[in-house]
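Here the structure of chain D is known, so what remains is to put chain H in place on it, guided by the hints.
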Amino acid sequence: DAGVIQSPRHEVTEMGQEVTLRCKPISGHNSLFWYRQTMMRGLELLIYFNNNVPIDDSGMPEDRFSAKMPNASFSTLKIQPSEPRDSAVYFCASSNRFGYTFGSGTRLTVV
Amino acid sequence: SQQGEEDPQALSIQEGENATMNCSYKTSINNLQWYRQNSGRGLVHLILIRSNEREKHSGRLRVTLDTSKKSSSLLITASRAADTASYFCATDAVTSNTGKLIFGQGTTLQVKP
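So the protein lines, in turn, are chains D and H.
Using the numbering used here, read the first sequence as starting at 1393 and increasing by one per residue.
Using the numbering used here, read the second sequence as starting at 47 and increasing by one per residue.
With the rest of the complex left out, here is chain D (with noise of 0.2 Å):
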């Protein structure tokens, strides 16, 4: 089992452009989540996803943020457009009964 897997591990962009955050989810895990970690604000949850339906995306501080679930072994988050105040670490998550697993996180620095 490789465990939750995100892409990039890490991500240098200019502000303004737009952000794509992969994430593959451990199969049979039927929710995902998306965090944010900064130092200020430490662990957000931004939205996740129950079989694939986004559940509660009320934790997503802009409109510039969305996140899709296509099927149930691949989620993006995309900012568009990004700004410095969005560099953080982002995290994947997915659970089933038994537990959470997180991912390695993508390192996102907007200069």
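Hints in this document: simulated from the structure, not taken from any laboratory.
Every residue gets a Cβ at the ideal spot worked out from N, C-alpha and C, and that includes glycine.
None of the hints are false.
Distance windows between CB atoms, simulated:
id, chain 1, residue 1, chain 2, residue 2, range
1, D, Pro-1462, H, Thr-66, 38 to 46 Å
2, D, Gly-1395, H, Ser-104, 15 to 23 Å
3, D, Asp-1449, H, Lys-72, 16 to 24 Å
4, D, His-1402, H, Thr-113, 37 to 45 Å
5, H, Ser-104, D, Ala-1394, 18 to 26 Å
6, H, Gly-62, D, Ile-1447, 40 to 48 Å
Here are some chain D residues pointing at chain H (derived, C-beta under 10 Å):
id, residue
7, Gln-1398
8, Tyr-1427
9, Arg-1433
10, Gly-1434
11, Phe-1483
For chain H alone, coordinates are given in the frame of chain D:
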């Protein structure tokens, strides 16, 4: 708003000593979980305690839960330098039926060799 708050924010101890971290939360929960995060890495699940449990052990870890006080503690016994990491509590609220976890701000533990 944060569901969990942890204290202390930072803890520095000598190898071999015990480390205790505390977590308080606000709403009724299904379970409370503790995670560990090494610098620059993802979160690793350590232990889960359900709302009807009061204490749980896993190796050198001991977790307690007091639902009347809405608090939990994580004790690491006989600490090692390799235990240096940040530790987070996370709660699965009763109002959430999809396992949505809300994390505390974490405790940064440094174990000096």
